[in-house]
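In order, the protein sequences belong to chains A and B. Under the working numbering, the residues of the first sequence are numbered 46 to 163, in order. Under the working numbering, the residues of the second sequence are numbered 64 to 660, in order.
Careful, some of the hints might be misleading.
[What the hints assert, rightly or not] Here are the simulated lysine-lysine pairs, DSS-like style, with alpha carbons at most 27 Å apart: (1) B:K374 / B:K360; (2) B:K644 / B:K611; (3) B:K640 / B:K540; (4) B:K325 / A:K54; (5) B:K374 / B:K469; (6) A:K54 / B:K105; (7) A:K64 / B:K105; (8) B:K325 / A:K47; (9) B:K651 / B:K641; (10) B:K644 / B:K452; (11) B:K592 / B:K529; (12) A:K64 / B:K592.
Because the hints were derived from the structure by calculation, they are not lab data. Since we're looking at a predicted model, the values are computed, not measured.
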Amino acid sequence: MKTVEDLRKLREEVRQMTKLREGEAEVRVVVGMGTCGIAAGARETLGALVQEIAERGLLSVVVTQTGCLGLCEREPIVEVNAPDGRTLYARVTPERARRILREHVQGGVAIEDWVIRN
Amino acid sequence: MNFYRSHVLVCAGAGCVSSGCLNTMEALVDENAKLGLDREIKVIETGCIGTCDLGPVIVVYPEGVFYRNVTTDDAREIAREHLLKGRTIQRLLYRNPLTSQLVQTYGEMEFFNRQLRIALRNTGVINPEVIEEYIARDGYEALARVLTTMSPEEVVATVTASGLRGRGGAGFPTGKKWGFTFRAMSDQKYVVCNADEGDPGAFMDRSILEGDPHAIIEAMTIAGFAVGANQGYVYVRAEYPLAVKRLQLALDQARNYGFLGKNIFSTNFSFDILIRVGAGAFVCGEETALLASIEGKRGEPRPRPPYPAVKGLWGKPTLINNVETFANICPIILYGADWYGRIGTETSKGTKVFAVAGNINNTGLVEVPMGMTLRQVVYDVCGGIPNGKEFKAAQTGGPSGGCLTKAELDVAMDYETLIAAGSMMGSGGLIVMDEDACMVDMARFFLDFTQDESCGKCTPCRIGTKRMLEILDRMTKGEGREGDMEALYGLAENIRETSLCGLGQSAPNPVLSMIKHFRSEYEAHIREKRCPAGVCQALMSYNILANKCRGCGLCARVCPTAAIFGKPKEVYRIERKKCVKCNACLEKCPFGAVVRA
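Next comes chain B alone, as it looks inside the complex (with noise of 0.2 Å):
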């Protein structure tokens, strides 16, 4: 047998994969084997560790000690100095944000040492191209567990036991969902793992395909058991190839090995999963027009009921859930729904995994049980604002979820408490934003992304929201009006009501959530044609500070419109017309002179 005394896992995220990871591997390696030792150590490629910032990410085992940002030149110090003298280099340990110290280990990082892994167990743990340290870790347990021992009956009872809910967005109880496909009758029905997940900033979903992919075939395939299906299919986006092909090798593994085909741990059992390639519509995240473009179809939703579990994919009944959710089923049947019960709060069991980013020290993904509140999130796990700014609001549940702000830190992250605040779960996006931010511009970028994505089948979210954004466009310009908020709630509200799916009757969320909490923010830009954030490029207005200026004539050189007048050593002046408010005068005065307003 070999014996390796150390093994060292380079993050392979996408993430950490742009940041480049692989060439800091490759180096790491190659220098190993220079010192002769190859043999007694291991490097080894995982999905994503969840510090997307800190990215290339390197974590050396037995000790734990994390490294982050590891260059080439970095990777062949660690080889020579850590792998081979077992000399921590403090140079390239994790600095905690708020107290400044330096983190000798893994373990002692609050960013890892306060959440609960268990959707992520092993996503940044194991090697997600070997399907062995899969089953090391009880990989493939469960579903031996569910063929030889439990009746479809058990499967579902325990997990509707669980309380587990869908982790896409709505929050319907999985066993729910799991019984009514069970109870459908039908000679045909189908699994469908929803894996298009294109909320903005999202990608929770992604790492967990990217770093443990067989914990999704195995979920799949005991959920085909439990409902009575033979054939599952993962409906995955485009813009995610990294997770296809890992993927792709995982099911090929698993077929080599027996736990996808015929007789399964010699059952009567049957199942097998094929993917299939989203186009990268944001519609096809919805479950009717995802089944839609399976089938080959244009991704267009339709109206609810009939609901899948009754007639979906082919018309047959068909159980959809999403990446995280069945992420959370093996865990479930090994260690029981009491246990899984035990964790979150009293409706909204287990954990949530966030994608958290914006303006926080931070960015990356963290798994937390249901629960925790926005505080805890942001500054105990994430580390806080950075550069000493104040947290200004938080958008939870992406382009369809709403905003939380200061006042909310304390606001329990479940289901029904997030909703009761105006927000929502949705997918687990958590965009913070700091005093910069301008809520008008934010509410812009949100409706400007679903007005892109509507699929246009449907009037009020084809043209509503387009309507919408216009309103928002003009008051971003200056050229806002009197009862343009009004217009907006008028819209939003119609929008709301008469959409045909989740995409339009959730679109005028972050627009209303944000008018709600900072209305003062609209009005400046209506009546007084300022940004107060000084974000709206076309309502800000520069000016030189007689008191400051020197006459230097920097900012005159600079200026690309020559629109800044003056004689040297006397007060320079802009003239509002010929500005195009570029900040060049801003950025180049050495004294400070320039001002925004």
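With the rest of the complex left out, here is chain A (with noise of 0.2 Å):
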């Protein structure tokens, strides 16, 4: 640690350290975990989302959990709280959770074909 600069550059490095107890999210991610959701493979869909987010560095999304939404023959349900609204996918496989990550959470286009709507 020789200069200012070097502080500040090991802060941005460690950020994610304690980020996460701040509740300064921008994006939540959330799985259905309710019975249906862990039947229909919903802890394989969080474990994919876990792995995704930690290869892309994705530092401003929270993954959580919450239960049974109804919707039990869709699920693996998954929700997506960004700035511009909240999204819910159906029968999101591991797969499906990589790409909602890449091409909505990231890029910023949700993938229509997945979402259910009224």
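Make the complex out of the two chains shown on their own, each in a separate frame, by following the hints.
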């Protein structure tokens, strides 16, 4: 540690260590983990999301779980809460989860085919 | 990079360690590994979160769910239900003692959301053994800014402008102290951190050292730059082994990163810190006794002036501040003196950490803006008095302070108002007493402490406190005499005026303030040989109520001295002379026929 710039660089690198505790998330990704969700493979979906976030270094994303949404037949359901609104995705396999992160969370474009509509 | 979707904080302050948090954490880590969650969930050991009577405590982020009294089995359940499936375990949530409502998250707990955490900003949030977590929360930024953009004069001026005052007890303006030491001419100066926290019931300094040791290291280094010192000492008591361990680890890490040592941030400024472990004498919290102890001499105070700022450690100018005072420095540098000056009252700026103990629902550490009323602290933040009892008094300032009564519940907690109310801020111990507390016994307890801790160097403190204690002892045994209160007043005045240091000068305070507010209780002890609160065992007498006694004989059977006589189905009676007041009959009687008065 020789200069102030060294300190600030290090801080940027380690910011993620405590960020989660400060509640500054831009995007919240919520996975349905009711019995129906788990039976449909939500655990694997959640695992894929966490892995993809790590690989892409998406620091502003928070992943949480929720219970049954009532649409058990379309589980695993993943909700993306971004600044532009709330989107619900149906039948999210691990592969679909990765694509949602890449295209919707990172790219900003929802994947309309999988979105749950009224 | 690693991404953890959830951070699980396990409080590992000394309070939670003694309630078994390390086993709880081990179970949690083990269960996470079994469930394959260990790469997604990070378990972090933190310093004191503040809710010491609820330990072991766990907080799960990002949701911020707060679990209390978590056993090892509970921890495994948290892993299986909450961490894996996202289901909050209602059974382990905190229940608001006043509304009986379950509180879902940390942020909704009044205990936390009424606090303003400046000195405790990182305590209970970061892992104190990982310097990077401190850096991630702007750690060492204040030092960087001071060394590269400010002059020592500017640092002193900023601290002065903030209005920060010493948190160790006396409330002396910190900036003034820094200015005196800065202006003292010498080839060598020192910075000393007073971590010899000795007031019964106060533990904020320990919690800061255990939970955020880098905050103290950084502030001391800034102080070294401001006053022109190159060496610092932390004087910490040996009874705080966890604080010593974490501070030592933090010092090593800071040296590795170059925050301590030669040419910090490539400037000409060099500074290092050593730990000195005290042997646990209360008087060593007094600054001149503390300095003597660091020098390897007996921990005895000497008359001031000269003050340490002029002639301190080894005769050199020395800046000596308390742990909590130092903990306020970095935020003042980062956010400015104006920001700090907007918190608190006209003459007492910033926040104060209180260690709340006694008859109160939420015991623990709370940091609130100066000037919050006693009522707000007791009822709003700490959840009021348990078991539906009445508030009777609160002792502030520990054995050097005084008590506040029900009539003073709306007194603002700041330096001046507390002194005007006959008490003092002291280091921030706050002991709450309910209707069952005896004020003679309380005064005796505090005086017993100061008498025991008197170093013996000056006569008024050594002998005077002893005489006062003897009088109070007699009172609690039913041997009080007319004239005792006058004798206490006389002794108190002499001790106050002629003792060498703060220990003696303030030792009579609890006695005086308790006599002032609860005179009738003292009179009852002396004249009627009666303890109205029912605490002083020697003044108790036991009786059996004839209209309630069914003559079952249980009392006679449990009496260890065979002091109870009677025949089955008839009213039993107690022979006063034989009774040793052990309370066994009262506890045993199924009909409530045994009474104590």
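Checking one constraint from the list: CA of B:K374 to CA of B:K469, max 27 Å. Satisfied? violated (44 Å)
Below or equal to 27 Å on CA atoms is what counts here, so check B:K374 against B:K360. This hinted pair holds, its Cα atoms lying about 16 Å apart.
For a C-alpha distance cap of 27 Å, please report whether B:K325 and A:K54 respect it. holds (22 Å)
When you check the alpha-carbon spacing of A:K54 and B:K105, does it fall within 27 Å? holds (24 Å)
Mind checking the alpha carbons of B:K644 and B:K611 for me, to see if they're no more than 27 Å apart? Cα-Cα ~20 Å, so holds.
Between A:K64 and B:K105, is the straight-line Cα distance small enough, at 27 Å or below? Within the cut-off at roughly 13 Å; holds.
Quick one, are A:K64 and B:K592 close enough, alpha carbons at most 27 Å? violated (62 Å)
Run the distance test for B:K640 versus B:K540: straight-line Cα separation, threshold 27 Å. holds (15 Å)
Restraint status (C-alpha distance of B:K592 to B:K529 at most 27 Å): Given pair B:K592, B:K529 holds - Cα atoms ~22 Å apart, limit 27 Å.
With the threshold set at 27 Å, check whether the alpha-carbon distance from B:K644 to B:K452 stays at or below it. Holds, because 25 Å separates the two Cα atoms, which is no more than 27 Å.
Taken at face value, is the distance from the CA of B:K641 to the CA of B:K651 at most 27 Å? holds (18 Å)
Pair hint outcome, B:K325 versus A:K47 [Cα-Cα no greater than 27 Å]: holds (11 Å)
When held up to the earlier numbered hints, the structure conflicts with 5, 12 and fits the remainder.
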